[in-house]
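Using the sequences and the hints given, assemble the complete structure.
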Amino acid sequence: MKKATVIIPNLLIIGFILLFIVRYASFKVEESNRNAIEAYEKMTLTVEQIIANYIEDEQHLCDIWSNYVNNSAEAGTPMTAEEAISYIRKAKISPEISGHLIFMDDPNLSGISTAENVSKPGDYSVSYKNIYIFDNLESVSNATGVVNITRAYTNPTNGIQSIAFMNYVKVLDPDTGELRTALLMRVVPLSLLEQKLVFLKGEYESIEISIFDKDGDYIIHGKSLKNSNFFEYYKSYNDVTAEEYESFMQEIIGGEGSMVIKNSKGEDCVIAYTPFESLKSWYLLAYIPKDDLVQNRVVDWLLLGIVSVGLVSLLIYNFVILMIYNRKLSEAALEANKANDAKSYFLSTMSHDIRTPMNAILGLNEMVLRDSNDETIIGYSENIRTAGNTLLGIINDILDFSKIEAGKMDIINVDYSFVSVLNDIVNMVQKKAEEKGLAFNMDIDREIPLILNGDEIRIKQVITNILSNAVKYTKEGSITFSAGYEKIPEKPDSIKLKISIADTGIGIKPEDMDRLFKAFERIEEKRNRNIEGTGLGMTIAQSFLSMMGSRLDVESVYGEGSVFSFALEQKVVKWDPVGNYEEAFKRSLKERQGYREKFTAPYAKILVVDDTPVNLTVFANLLKRTKIQIDTAESGDEAIAMYKNRHYDVIFLDHMMPDKDGIETLVEMRELKETPNGDTPIICLTANAISGMREMYIKAGFDDYITKPIDPDRLEVMLLQYLPKGKVAPASDAGGDDDYVLPDFLFHLDAIDVGSGLNHCGNGESYMATLKMYLDTAVKNADDIERFWAARDIKNTTIKIHALKSTSRVIGALELGEFAARLEKAGDMGDTETIGRELSKLISQYRKLAKALEPLNEQDDPENDDRPLITMEELNEAYRTLSEFCASFDFDSVVHVAQSLEGYRIPEDEATRVDAIIKAVDNFDYEMIPGIIKGEVGQP
Amino acid sequence: MKKMIGMVAAISVLASLSACTGKAPEETTEGFSPKLKTDTACDITVVGSYDNFEALEAEFDRFNEIYPNVHLSYVKLDDYNNILDTVLEGDDSPNIFFSFTWMMGNEKYDHVFTHTEELSDPALGLDMDCIRPGLINHDAEGNVMMVPIFSRSYGMLVNKDLFEKEGLSVPATRTELMTVCEEFHNKGYESPMMGYSLDSSGCFMYTLAYPMFVATLAEDPEALALANDLDPAAGEYMRPALESVEQLIESGCIDLNECDKIEDNYTEVILRFFEGDVPMMICAGDTVSGTRKRESQSEAFINSPFEYIFVPIPLTDEGGYFIDSPSVEFSVNKECDNLDMTNEFMRFLITDSELNELASVKRLITPTADMSFDSVYAPFSQVPSERTISPEVVGITDPLTVQIKMASFQVGKGDITIDDAVAMYGTFE
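Top to bottom, those sequences are chains A and B.
Everything in the first sequence is counted per this note's numbering, starting at 1 for the first residue and increasing by one.
Everything in the second sequence is counted per this note's numbering, starting at 941 for the first residue and increasing by one.
It is worth saying that the hints were derived from the structure and are not from the lab.
Keep in mind the model is a prediction, meaning the values are calculated, not measured.
Cross-link-like lysine to any residue pairs, in silico, SDA-like; alpha carbons within 20 Å at most:
1. A/LYS498 with A/LEU545
2. A/LYS120 with B/GLU1047
3. B/LYS1016 with A/ILE220
4. A/LYS223 with B/ASP983
5. B/LYS1016 with A/SER191
6. A/LYS265 with B/ASN1004
7. B/LYS1048 with A/SER119
8. A/LYS265 with B/LYS1233
9. A/LYS262 with B/ASN992
10. A/LYS848 with A/ARG787
11. B/LYS1016 with A/ASP135
12. A/LYS498 with A/ASN423
13. B/LYS1048 with A/SER125
14. B/LYS1233 with A/TYR237
15. A/LYS223 with B/ALA998
16. A/LYS196 with B/ASP983
17. A/LYS518 with A/LEU545
18. A/LYS223 with B/ASN1004
19. A/LYS265 with B/HIS1011
20. B/LYS1274 with B/GLU1029
21. A/LYS120 with B/ASP1018
22. A/LYS262 with B/GLU994
23. A/LYS624 with A/PRO602
24. A/LYS472 with A/THR390
This is the structure:
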């Protein structure tokens, strides 16, 4: 396990927990703050009440004074200013408080004070001339409950900052005897007002209470509130626009509330404000640094710190423990890997060691099967083959499972023919089904695209596994293999290949379904114990499908049968449909009879290298009927020596050899410059069948590889792929040996494709006879053509050219045949210009080829004719057929029948006639043939 | 490696979470060594005539960094000049109070000085050397009863950007001044120079005339004596100054009608200058103190800010005068409570750094030798010593200033002729 997968989630969880704590703490702090601010606002209201009460009380005392003075006046006994002041001196209790009686009609705003001027003892006069506090005198009212108050000012008699409560009084002017209006002021030091706030200190240590008027000028203010005007103070230290400033002022004087502002140090502070209800023009402002109001935050951080340390400690502890266990697990994994490596080594060894003797067993058994005519022996041999193949299947299953388990199984997509896949599948399964008496049905959608792209090998393996299982578990009835497809709308170049295999077998119980895909599980073990298998087939199939993006679906009715199906996305390479595969399949079934070599190649030479002599014997015998010339070598060095000196068409090289193994030998071979085998394909012969071998061999420089025990069919298919086409001929229909040796020079003639000639003629002997005939008649034919053309006999010229075309094609002179065909066509169309231009060239090539074939005459050996003797019945039938073809001008068929006659020995009494016929054909004198048959015409 | 990364990640989680808990140490005022116990708790009150004194309040905060429990407050007294003696006599007398040069020798304030501490006493430890010598007043006994915290001068605010825009240089001589005014006039500036003219207090005529008059008297002790005695014979010494005022108005350098639109001698003067179309605004240094705050109050200046300086007015061909006069001074009430801490505060304040800080915040001219820290006032530090005049040192008295103030105002307004003004010397009130 990666450390990051432990650390990152842990850190995320820690982060989440801490985030939660921070958010929660923050929420709690906010809540606490809200509560604190609410309490703070309430406190502000309380202070406002206290101060308002005090102010009202002071005003009330001022009212008492003024009422007394005014009552005297109203009673007709007005007091003089001196008497009024004298009364006030007696009435006031506090020595700090003084009374001023100011005559507002005096230009100097002078009057009398209850206290003497401190700097002028005995002087009780007072003047407010230069003290501007009477701006709102018009609002001064004697009505009860109305507070008439000044701003804070300097008391002119004692220099103490004070406020004054006012009322108008009527006093007697002793000089005029008239009543005179004066302003009676109860002058109170600000310190008395400030004393009312002292009680707050206990609750809020750093609170500062200020009072300011509607203009923002302080009546009293705390030390933190700089400036003489609160609004100016706010503007100085808070970065606000004119609109924000205006809004701030309106909010402050608009009602009660609180807000956070910056103080002169740039720190946040909380102000709570409320207007004095009774004054209208005064406002109370409580100021406190925000940090002093908002507490408990430190405790939250402490908690957070402790939790953080705890969680990180836990993480570290867990991580250390995890590391210790990881180390132990790593050691255990290392041991397990070693064990697994040992297993792989064992599998590799087992593969090699089992497959090598199996090669000998199956290979020699194959020889027995091919060569024995004893039915009993063949029966035994068949059983050996069946048992051997079963054993190989088991080994292959185990190897595949090992690859899948080790994660070494790769899906390799290649272009493949779906028909080829069908062929292989059917070849593998059909016979087994037949042997058990089961009907094998096929339902193949004719429109399935022919060439697809996918992992052909694995698809075949999946289908084969399912089909093999179906055969194994079906006692009677049938197995139906269906293939169809669906187009994929969003992927126009792909199809969904749908495969299903239905059987009438024993079926699967619902409760066993889950075990179907478990490795080494065999359903109903007791009932099926006689059925061979490892229990891996379905597991492997399912694994392969999973790797290819599909899955195996199973529907089954116990006792009735099962349907296995899957759908696989495959790219389409060629949309040509596969066509009617069932028909082709049925036809091939009819034709399949025992072993039949796929081809013969008597002129091909191959080298087989293996350190085990018996393997060399098996290899050579497996290819015996193909007539390939096989050289063998038992060591790398021996092989290299042969490689240097003789040309081979294909080399099979064993991998595991003592001294110099296959790969070393290959490397040495490839490094050789002077060798006739520079382009010769080298195929690895190996018993190693575990994962990665194919890649390893191709990477090492091999062109291909084939596993032991050697599958004879696969070997022949491989040879067909690698042998030069010219050296490969179809297998003889007669089934007998075709030991006729063609002269070597033929293979060096560019104008002739020997393979094609052999193909047309059926065997070497027939081919040689045809070639000689072609040679014998060449001079005359060439002359005839030239003669007919000189006479501008277009018809006969064309007939002769037609004959040249046919005979040239038969001997494999394909180019000359094509040339003749072109001129024949020109002749048919009356195109004399083309014939005139090209004919000399054609004749020249014809003569050149004839010249090249002349060595054939030197090799004529009449003693050695082992052709079958034709019966008279057959000969008469041939005569009759030839006559009919001549009558219908079907000269191609005439040529064909004549050639077929060349494959037989002719009874002596008919030899002349037959030779005459053949000569007539070679000379394109078809019109003479009916006469020769009837005996009317002799040898031309 | 991965293990290390894991550990670092874990620790960084902690570190990042705990980072917020730390608090940077507060700056401390350096260069001052407290003499008293720093935890001393007491109250100190400074009284004065300024409505606002935020610069001093900032000094309180700085002092509180050393003495956190000392509560300092500034109180503005109503009718300051008349009430000061009463306040000093009262029960709530202040520790420090504003004093002014003109109080010295004025018998009305003689009693005030009975309360005043002698500040040159070496025991107090005040750094008097940091103050320009011409600004320190001594009484008859040679005692220093007040120490200047700001100085005052006379000059003109110059819109440097406007000069640059019009391709002109700031004038350094009278000839250059007249030329520049003419150039501006030709470029469509109605009044290249402006100033307050509605009232004699703070009027531009006085700001123009006073330095010249003082310079004239400084060169002639007899004339100074006559002038101080308010002898009409001294009137003639006003003539050059009055002629300069008249000439600037008559030559079109100053359009009186435009000046009359300025409604007060402080805020409106500044705001008019900030309109940006006045090359030169005549004013005292006290007015310049209001410029910084009003930069943000002038919409015109916010939209089109410009660089400006305060320079002496070049009314002679040698240049202008730097009339270096104390503005506000601090005196200590020797009978106050907490006198030791009061003196400690004075010792803290009377230093280059604190006085410069105070002047910088208040934007007044510092009384210290180094004036270069404020670019607006920097031109005054360039004035040579022979053209720097301290009226108090010369012996200029307050009654004399009233004469030149009224004479220049009335001549400038055209109410009287220069001859009338010369003849009326000693009679102006």
